[in-house]
Amino acid sequence: MPDDKHRVLKRAQRLEAWSLAYLVGSVALLFMGMWLFVESVLKLVRAEYPSIGTTQLFGHTVWMGWLMLAALLWSAVPSVLLGRVKLPLAESLHDKVLHADALMNKADWLTAVAAMLGILSIGMGWWWADAVAAGVIALDIAWDGQRHLRTALGDLMDRTPRTLDSKHAEPLPRRIHEALCGLDWVEAAQVRVREDGHVFCADVRLVPKERGPELVTRLGNAAEDLKRLDWRLRDVLLVPVDRLG
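Numbering (full-length UniProt numbering), first residue to last: 1 to 245.
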């Protein structure tokens, strides 16, 4: 028994750390977008007109903007590749922390693109285009951040689970309800699913059509069948009741 309690406690701590890591990543994404937006607005207000000079390279006069563009492109490529690799993995693993990290990679390369657009606009004399491009990209980053921040807070408060991109309700509760109502011995069911890190736990209250000694066996078999419904469904608790409240 002490070993079981220790194992349960360690698992609870691990899942809590998972949720907190997702929260921290969401906050970082939001503040990055807000900071970039404030910086772009200040540039427009101050009407800053930056200048880019030239330098000598191998005996030739080279506009430093070309060197800046090459450096920014070099820094943006890894972020693009990492983001594209992480997103499918986050989907298959149902890993919101990895998904938030992939969005941070997206924010990194979008910031680099904004900087490249700014350098080109400065070269063409459009001093304001740099700040406008940065502001638009910053709003996109901040929007992703606030969306995931709301999901992270909802996860900590055991809100109804959402999909990985936080745009829709998680379909797993509906699938569980349909599977239970499809059983010939179940009259009605009420499903509550909570998210613990990258797995789910389901608490189900159901009304059996009849009670008997075989009910316990049916409940056990139904719980095992539900776990096979989705690999993310780790724990299933089935409670028979006379009627649903």
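Because the hints were derived from the structure by calculation, they are not lab data. Owing to the predicted nature of the structure, the values given are computational and were not obtained by experimental measurement. It is possible that some hints are incorrect.
Pair by pair, the computed Cβ-Cβ distance ranges are [stated by the list, open to error]:
1) Ile52 x Met157: 25 to 35 angstroms
2) Leu81 x Met34: 23 to 33 angstroms
3) Arg194 x Val241: 16 to 26 angstroms
4) Asp235 x Leu44: 45 to 55 angstroms
Taking lysine-lysine and the DSSO-like style, the derived pairs with C-alpha atoms no more than 30 angstroms apart in a straight line are [unchecked claim]:
5) Lys167 x Lys86
6) Lys86 x Lys227
7) Lys227 x Lys167
8) Lys209 x Lys227
Cβ coordinates follow ideal geometry from the N, Cα and C atoms, glycine included.
The hints, checked one at a time:
no.	hint	result
1	Ile52 x Met157: 25 to 35 angstroms	violated (49 angstroms)
2	Leu81 x Met34: 23 to 33 angstroms	holds (27 angstroms)
3	Arg194 x Val241: 16 to 26 angstroms	holds (19 angstroms)
4	Asp235 x Leu44: 45 to 55 angstroms	holds (53 angstroms)
5	Lys167 x Lys86	holds (19 angstroms)
6	Lys86 x Lys227	holds (27 angstroms)
7	Lys227 x Lys167	holds (25 angstroms)
8	Lys209 x Lys227	holds (23 angstroms)
Of the numbered hints listed earlier, the single one contradicted by the structure is hint 1.
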